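*Asks:* Same order as they appear, the protein sequences are chains A and B.
Heads up, the first sequence is in my numbering, so the first residue is 182 and it goes up one at a time.
Heads up, the second sequence is in my numbering, so the first residue is 24 and it goes up one at a time.
The hints are simulated quantities; they were obtained by calculation from the structure and are not laboratory data.
Treat each hint with caution, since some may be false.
Said to hold, decoys possible - Here are the simulated DSSO-like cross-link-like pairs (lysine-lysine), alpha carbons at most 30 Å apart as the crow flies: (1) A/K397 <-> A/K411; (2) A/K397 <-> A/K307; (3) A/K411 <-> B/K246; (4) B/K246 <-> A/K397; (5) A/K269 <-> A/K340.
All values reported here derive from a predicted model rather than from experimental measurement.
One-letter residues, chain by chain:
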Amino acid sequence: MTVSPRWRIGLRAVALAYLGALLFVPVGLVFYRTFEHGIAAVWASITTPAAIHAFQLTLEVTAIAVPLNTIFGIVMALALARGRWRGKGVVNALIDLPFAVSPIVIGLSLVLVYGIHGWLGPALTKAGVQVIFSVPGIVLATIFVSLPFVVREVTPVLKEIGDEQEQAAATLGAGAWTTFRRVTLPSIRWGVAYGVVLSVARCIGEFGAVSVVSGKVAGETDTLTLLVDKRFSNFDLAGAYAASALLALIALGTLLAMTTINPRKEGDG
Amino acid sequence: MSATAVTVPVRRAERRFGELGLGVATLWLSVIVLLPLSAVVAHSLDGGLGAFRDAVTSPQATSALRFTLLVSLATVLINGVGGTLIAWVLVRDRFPGKRVVNALIDLPFALPTIVAGLVLLTLYGQRSPLGINVAFTQVAVLLALLFVTLPFVIRSVQPVLIELDTEMEQAALSLGAGNATIFRRIVLPNLVPAILSGAALAFARAIGEFGSIVLISGNIPFKTQVSSVYVFNLIESDAPISAAAVSTVLLLVSLLVLLAIRGLGRWGARHDR
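Using the sequences provided together with the hints, build the complete structure.
*Replies:* The structure is reproduced here in structure tokens:
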């Protein structure tokens with residue numbers, strides 16, 4: 182340590198004050214505001230039919246988006262880490278687009294493809310399928326925003342472990358699928374788990390893209406984050422706080438899962 | 024990796040499996056991401072080049088874009104300094120509760136953005152227990168962006184600081200260098216690539232941010248309106264061509280930042296050796 186104790190404590194105080202003012206105190210205050218009128222009111226507010234439906238819809242959408250992106254993520258990570266093919270650099274860069282593009286632009290892009298005046302709109306209307314202002318649109322938006330997480334967590338792990346064990350398995354007569362299931366998958370499982378946790382958090386928390394495509398039909402296309410916005414706009418502050426506290430608890434659960442998985446993931450390499 | 028006779032059959036089996044997988048994965052990426060984004064660019068020109076130019080050069084659009092870029096830049100500067108400081112404290116300092124603080128740094132990533140907006144409004148809005156009310160001002164937008172981009176620089180600098188050997192610093196100290204000199208001449212140069220790449224990621228995030236800003240900014244045109252909220256208003260008021268035009272500009276900015284990040288990554292890797 183090169184810094185004198187007085188400097189060290191001073192820097193620590195500045196860092197913690199910044200974190201406190203920006204992060205810890207505001208988040209703590211939201212929990213205080215939520216529960217200041219007792220837990221019964223909070224419970225009543227998160228068990229209204231609209232809230233329960235929003236919670237169910239959020240879970241359903243997550244349950245569709247995360248497995249699909251996990252399969253995509255593992256396959257794409259294998260291709261990026263093991264394969265040699267033309268256009269790899271371009272695909273590698275394009276995967277990060279959902280991280281860089283504004284959620285509002287993502288929402289708009291889906292409207293322009295699947296909306297009534299969109300590219301596929303007339304065909305979908307003829308087939309009687311409604312995507313925008315309906316659940317499929319919310320699912321598509323959620324898949325879009327959470328697409329890169331598993332790829333980005335698994336690719337470095339695959340590069341790190343190398344392919345010697347996979348080759349050994351193949352020499353011993355294992356097929357591609359057996360090699361993947363018995364050798365590759367066990368060694369990347371914590372990377373996959375970490376990517377899944379990040380994806381789940383993002384799917385549950387997505388707001389911007391979903392708010393463009395949902396149409397916000399109460400009891401039909403309201404997710405939990407949309408419910409927070411709607412309650413706040415309708416001056417139901419207590420209700421907005423209750424739904425926010427539920428989402429914040431999910432976020433804290435995510436952090437707990439992340440800190441539990443992270444050391445194991447690193448221990449794997 | 025040893026004998027080619029061993030690796031050849033492996034490669035062949037894997038290749039067939041891999042080609043199918045790669046095809047499906049690329050198709051997925053194209054349908055989910057590339058097709059919709061190309062629809063935005065194509066639709067922005069539906070009214071002709073003149074309409075595109077009018078949409079992106081309207082006073083409200085340029086004012087929103089200018090504010091978005093400036094407030095994002097301010098965010099990145101503050102969190103660049105603050106994030107580096109916090110990373111230093113988390114790596115080099117020891118205090119009770121450090122592990123909890125370290126785990127909570129990622130909270131802005133895990134917390135839904137709309138909740139982040141509400142969280143800040145609770146402490147810095149009309150009912151603020153501190154008597155500080157910045158709601159519906161440009162400061163509020165800055166606060167929201169500082170909150171959501173907080174982890175980027177910290178998480179990018181931390182691993183580099185952990186790897187950084189303290190021997191050089193001790194040598195400098197024994198040669199009579201002061202704290203400021205050691206930081207400026209030894210610690211900082213090693214951290215610059217990590218700070219810049221974290222800052223670039225934060226910048227990309229700040230440019231497109233919507234959820235945390237929408238409640239707290241008040242969305243006042245020419246004052247607190249950012250581009251993403253402006254695009255949202257255009258969509259709501261049924262002006263999809265203008266919305267697509269402004270979105271195309273935002274997309275271009277995102278692409279430029281992504282390219283800059285890749286460039287920084289390469290520069291950082293070279294810098295390492």
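*Asks:* Now look at each hint and say whether the structure bears it out.
*Replies:* Taking the hints in turn, this is what the structure says about them:
For the proposed pair A/K397 and A/K411, the alpha carbon gap of about 9 Å is at most 30 Å, so the pair holds. Proposed proximity of A/K397 and A/K307 is supported: the alpha carbons are some 24 Å apart, at most 30 Å. A C-alpha spacing of about 24 Å is found between A/K411 and B/K246, which places the hinted pair at or below 30 Å, so the restraint holds. With a C-alpha separation of about 28 Å, the suggested pairing of B/K246 with A/K397 holds against the 30 Å cut-off.
Distance hint between A/K269 and A/K340 is fulfilled; the C-alpha atoms sit about 15 Å from each other, no more than 30 Å.
Checked against the numbered hints above, the structure breaks none of them.
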